[in-house]
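Same order as they appear, the protein sequences are chains Y and F.
Just add 6 to the spot in the first sequence (first one is 1) and you have the working numbering.
Just add 6 to the spot in the second sequence (first one is 1) and you have the working numbering.
Read the hints as simulated data drawn from the structure, not as lab findings.
On a predicted model such as this, the values are computed, not experimentally measured, just so you know.
Accuracy of the hints is not assured; some may be wrong.
Copies of the same chain look alike in the list, so a pair counts if it works inside one copy or between any two.
Using 25 Å as the maximum straight-line C-alpha spacing, the simulated BS3-like pairs for lysine-lysine come out as follows [stated by the list, open to error]: (1) K47 x K164; (2) K308 x K298; (3) K58 x K308; (4) K263 x K278; (5) K263 x K106; (6) K185 x K263; (7) K185 x K267; (8) K308 x K297; (9) K171 x K285; (10) K285 x K186.
There are 2 protein chains.
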Amino acid sequence: MKNIGVIGGGLIGASWAAIFSKSGFNVFVYDPFPDVFDTYKSRVTSFLEELKSIDETINVEESLNRIRENVTVEDLCSNVEFIQESAPEILSVKQELFAKLDNLAPEEVVIGSSSSAMPISSITQNLKGQHRCIITHPANPPHLIPCVEICPGENTSKKTIEKTKEIFTASGASIVNVKKEIDGFILNRLQGALLNEAMRLYSDGYASSDEIDATIRDGLGLRWAFMGPFETIDLNAPGGIKDYISRYGPIFVEMAKNQTKIPDWSEEAGEKLELERRKILGHDELEGRAKKRNQLLKSLRKVKIDNGEA
Amino acid sequence: MKNIGVIGGGLIGASWAAIFSKSGFNVFVYDPFPDVFDTYKSRVTSFLEELKSIDETINVEESLNRIRENVTVEDLCSNVEFIQESAPEILSVKQELFAKLDNLAPEEVVIGSSSSAMPISSITQNLKGQHRCIITHPANPPHLIPCVEICPGENTSKKTIEKTKEIFTASGASIVNVKKEIDGFILNRLQGALLNEAMRLYSDGYASSDEIDATIRDGLGLRWAFMGPFETIDLNAPGGIKDYISRYGPIFVEMAKNQTKIPDWSEEAGEKLELERRKILGHDELEGRAKKRNQLLKSLRKVKIDNGEA
Chain Y
7 MKNIGVIGGG
17 LIGASWAAIF
27 SKSGFNVFVY
37 DPFPDVFDTY
47 KSRVTSFLEE
57 LKSIDETINV
67 EESLNRIREN
77 VTVEDLCSNV
87 EFIQESAPEI
97 LSVKQELFAK
107 LDNLAPEEVV
117 IGSSSSAMPI
127 SSITQNLKGQ
137 HRCIITHPAN
147 PPHLIPCVEI
157 CPGENTSKKT
167 IEKTKEIFTA
177 SGASIVNVKK
187 EIDGFILNRL
197 QGALLNEAMR
207 LYSDGYASSD
217 EIDATIRDGL
227 GLRWAFMGPF
237 ETIDLNAPGG
247 IKDYISRYGP
257 IFVEMAKNQT
267 KIPDWSEEAG
277 EKLELERRKI
287 LGHDELEGRA
297 KKRNQLLKSL
307 RKVKIDNGEA
Chain F
7 MKNIGVIGGG
17 LIGASWAAIF
27 SKSGFNVFVY
37 DPFPDVFDTY
47 KSRVTSFLEE
57 LKSIDETINV
67 EESLNRIREN
77 VTVEDLCSNV
87 EFIQESAPEI
97 LSVKQELFAK
107 LDNLAPEEVV
117 IGSSSSAMPI
127 SSITQNLKGQ
137 HRCIITHPAN
147 PPHLIPCVEI
157 CPGENTSKKT
167 IEKTKEIFTA
177 SGASIVNVKK
187 EIDGFILNRL
197 QGALLNEAMR
207 LYSDGYASSD
217 EIDATIRDGL
227 GLRWAFMGPF
237 ETIDLNAPGG
247 IKDYISRYGP
257 IFVEMAKNQT
267 KIPDWSEEAG
277 EKLELERRKI
287 LGHDELEGRA
297 KKRNQLLKSL
307 RKVKIDNGEA
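I would like the entire structure built from these sequences, with the hints used as guidance.
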């Protein structure tokens, strides 16, 4: 396995190119809108530099030399053994694209989708090559957050799953192998559950959006940065997780019973939240804050690695 | 405001003593089981040293000198202006204790409870001093996680809320003022929502407990360590949170509709999880891992402070 195709030159696609190229793969990049390549090289370079600050063995120049940007989709398909698709999250767009790729790419090429919520079977239901298609879902930004959800459909072959695991293992990902299809997979279902409760509490006037955020950023999020929810509770009772569940399980059952209201994700709710957020962070500060976010992610990853965590 | 009483010499109570003493308060500590004081000083000392590694201006020796441990409850009540209760999370125990404190402490003394889920009105419903009682809920361990939820009951006075805010501001807490009573307040309702979905996904066989954990520790948790759920989505669409909600709100509504099943928190589920967790972390490794957790929390706090985040 030497060559990987990346479909999409946007933020996610550029991040994938950085990941695969620093991992030693040759990368072929296609985007239907070539304008995206005007700023592409500088973007990938900055991602590679961020990666290098976590892992100093990375060679930015050599990695960049492994990337061939703005190739045709035909060229890409005939040169690679794996394709990572990062098109917009619109079902019809992905369906059309997968049909094209399934037609163009030789039979042994595996095709992964960055989709953050749509099961692969919904994208590939009419294709003869369903067996070689699979979800390979990153978090944002992919090059700084190692989790990748691999989610096969019912018709995805074992060989496809194994080949996909090989590539993402070689790329340094933390692989989560989702066993069955489900909307949102695991990461976004957990985010959704938390966001839905956050929205209920916000709409019902229990606290401001910034105070709700504080319970995570100055509270639970500090542990969750290096321990998942199950390990967290495993350490929160003297006897471990079984002890914890016998003490607190009934509380979570009660909570589940009254966390069933459909939260208000209307446009009006969006406008109210927008007003609150823009008082804390101006519209012209969003981009700078995203950069700061990446800087913090980098520093946190470094701390974890230095402590032998990941 | 100079003197604070801490009820409880256990882990949470000792952590409070470290927080209040390093913040310049004199601390009076009572526990009905004096055996707890055999190891008390060394525990508080280690907490103060952990605090000092985040904030080097802290003087461990001077802080320790401000703590008077193993006083009687009568002595404590007659010497302090604020009491922080950290008794076991059992309603009848807390009710009995608050009745005692309300009898013994002069009228102007405010009494806060570390309860992690029970509203203050359920603890104080029959007391004449309801107006001076309030929830002051920390995360675990309190001295390393700055979030403190302040949750008044309907009968808690404004003066009590203000006095409580003053103390926790002076102690360096990140205060979340919960406006109305609700079981679990905000922090544990968010944790509950996430844990309930994690348990549904686990029980239904979508992934192992460790893989579900990986979506948080190698995924969402990295951002949540310094940004709450609302800020996270504010930065995840080009136009900010309103833009995000108009794009993805409908997905969360759909998720809310199928995240209503009551998850299985039975003893059998606890045993199954215990087996999985003990393969990853032996029973005799739990204590060491909790120490490592504190070390990591310390390092993450330091990174955030060094980056101007908290």
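Enumerate the violated hints, using their earlier numbering and listing them in ascending order. 1, 5
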